[in-house]
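S.K.: Spelled out, the chains give:
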Amino acid sequence: MNRLSRILWASTRRANHNGRSQRRTALEGDKFLVPDEPYNSKIDDSLLSKMPSIDSKLIANLERLSLVRFDSEQAVANLRNAIKVAKRLELVDTEGLEPMYTVWEDQECPTFDDIEEEPLPIEEVFRNAPVRFDDFFVTPPGNVPLESNERFDLNVINEWDTIGKPVAPQAKSTRLVEGKEK
Amino acid sequence: MWRRGFATVSQHQQKARYKPVIGLEVHVQLNTKTKLFSRCPTTDSSPNRRVLPFDMATPGTLPSLNSQCIHRALKMARLLNCHVSEWSRFDRKHYFYADMPAGYQITQNHHPIAKNGNFGFWVFDEHLDVPYWKEVQILQLQLEQDSGKTIHLPSTSSEEGPKSLIDYNRAGCALIEIVTSPCFETAIEAIRFVQTLRLLIIHHNLSNGELHKGHLRVDANVSLEKDTVPGTRTEIKNMNSIRTIHTAINFEIARQFEILNSNGTVQKETRAADQDGRTVSMREKDDVDTDYRFIVEPNLPKLRIKEEWLKKAEEEMKSAGKADFEYLRDVIGFDPRSSIHIAEDPDLLAFVKRCIRLRDSSVSAEEILYWMKQLKTTMQRSKCNYPPQSEFFALQFMTLLNLVRQRRLTHLRVLDLLRYYSTSSEGESEEAMTLEDVTEFVTKHKLWRIEDPREIERLVEDLMRKNEKLVEKARNGNSKSFNRLRNLINEATEKRIDMEELCEVMKRFLDQKSI
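First to last, the protein sequences are chains A and B. Numbering-wise, the first sequence is residues 1 to 182 according to full-length UniProt numbering. Numbering-wise, the second sequence is residues 1 to 515 according to full-length UniProt numbering.
Worth flagging that the hints you see were computed from the coordinates, not collected in a lab. Source: prediction; values computed, not measured. Using N, Cα and C, we set each Cβ at its ideal position, and we do this for glycine too. Be careful, since some hints might not be right.
[Said to hold, decoys possible] Okay, derived cross-link-like pairs now, DSSO-like style, lysine-lysine, Cα gap no bigger than 30 Å in a straight line:
1. B:LYS302 x A:LYS87
2. A:LYS57 x B:LYS237
3. A:LYS50 x B:LYS237
4. B:LYS163 x A:LYS57
5. A:LYS87 x B:LYS163
[Said to hold, decoys possible] If you want a taste of the chain B side facing chain A, the calculated C-beta under 10 Å gives, among others:
6. SER46
7. ARG49
8. ASP55
9. ASN66
10. HIS152
11. SER157
12. GLY161
13. LYS318
14. LYS322
[Said to hold, decoys possible] Sample of chain A residues with no beta-carbon within 12 Å of chain B, all distances over it, derived:
15. GLU28
16. LEU33
17. SER46
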């Protein structure tokens, strides 16, 4: 069924656009700059510096910084993979170059004169606030330290590279999730 | 007793091996009309009434920079003799607090607006014989955003946990952070620095400078160096009174000394000062590896300092002249302690300024101070408010100072006149309205000092004759009787004879066998 629909879709595309995909450019007749096929990197990953091993302290630290909870070994392994891709930038020769932070380095910092503007009406201020107490926003108490018990099988995460599978295997042992047995 | 003395000495020797090393971070809230990156007013108001979309980090809003904040930062740089960088840049410092709605603070970490300065001030204290001049190094001066305010509510019931109430009025207000090198050795040095800096900041209209309102917030890094080996430092956060800064630093020095002296280790941590100035450990323990994830603020291009901005700041600083405490100290000749003390009290300053305006240049600062002290005691005894507010009193005060200086009035007579004038010249009572000038008053009541020695001798002789019993006792060496006799003559002559002169004449008479 699935296969059938795909064939159908492909044939419609061909019919409508003479074999070209449904992409459009801003102006009729412009060249497409994004290739049809994914480009396979020619970077030799063996030249990259060694991946740091991920321990539970690092996981806890990353979770605290990002405010995102990893939900499985797979999630951590994905991050690991992303770091590896980013590491390719190490191979670019930047010797003696000032790093740029914007492509328009010469622009002036915009300034304004010290003249007041009407502040937002109070209803506007609270328009998106789910909880309001008098004229205050209400939030949970800040900076509750995250507990960092051993939730993941670190071997699974760290060996993923050497296993070389596209998807990290699930840990076999029973995991503790948020302090409760799953 | 002996043992206790011995223990103190040995602890003293121990203490001498440790040298306190203190560095300060001073956050100065600028008194601009609008916030650092938005044109939202900064006036006082009820919660969340001073908020623009950028201040609550509404997606899609962008910062632009308040030119008045740049101007004030440049003036501050000049005040602290800093090197102004040709360009500076803003960074994001990430925190996750509800009172920092963007999840980061825009600050200047790597390329601050100014750096490498120095600042000199006098250090004085009751325990110091003479004040000394101290210069501190200023590491950097950066513009940054303030956070909002949080009120912590404890848990009210079992279903409802603790929560925080957030007010964004202060969020995004402009701060200048001044970072000093760790070059203070005592808490006294630290507070004198803050006091002097505060007066200058107010003088140059950079901030309203009220500590209790949080316009000036001070963090202190404290560690103990043992035999020139640096120690672990702790940071005391957000102190907002001079007294707290002083006590908290001293408390922290003592606490660290106790730990080190009993072979413990000082934890690197952030501490807060409680009401009494004790320092207490604050929130998370994992301070050591706090990662602020500094990145360059992508929404603000480099800030290039224009030549005309520097010139304008320079000119304004020049035309503002000396601050009041500097004027009192350098022009009038007040000592460093008194000049700061007077400048910190608006009423006292107003009184001193009035006096100085009326001053005959021969009257010295010491004389003014001496008589101010006398006046204070007198007024406090008669339960009046010191210092007196009226122009009229200041004039009488200075006239009296001149008259006592020229020896036209006696010391005791001036004290009486001060009491009379200070208690009756204030307010709008009928008495105050009809008071005459002190010179007239003295002439009218014939209170001038008796200058003629023969007249003094005549008066003393006369009065001694009338009190032969006392004279007899005094002649036999009874000092009480002598004093009684002296006071008696003093009262009888309406304190018009100089005390020293009177004693001298009395002694001369007593030495003669008979009168």
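S.K.: Compare the structure with each hint and give your call.
M.R.: Hints, one by one, checked against the model:
no.	hint	result
1	B:LYS302 x A:LYS87	holds (28 Å)
2	A:LYS57 x B:LYS237	holds (27 Å)
3	A:LYS50 x B:LYS237	violated (40 Å)
4	B:LYS163 x A:LYS57	holds (28 Å)
5	A:LYS87 x B:LYS163	violated (41 Å)
6	SER46	holds (6 Å)
7	ARG49	holds (6 Å)
8	ASP55	holds (9 Å)
9	ASN66	holds (6 Å)
10	HIS152	holds (7 Å)
11	SER157	violated (15 Å)
12	GLY161	holds (7 Å)
13	LYS318	violated (22 Å)
14	LYS322	violated (26 Å)
15	GLU28	holds (32 Å)
16	LEU33	holds (25 Å)
17	SER46	holds (30 Å)
Violation of the numbered hints given earlier is confined to hints 3, 5, 11, 13, 14; the remaining hints are satisfied by the structure.
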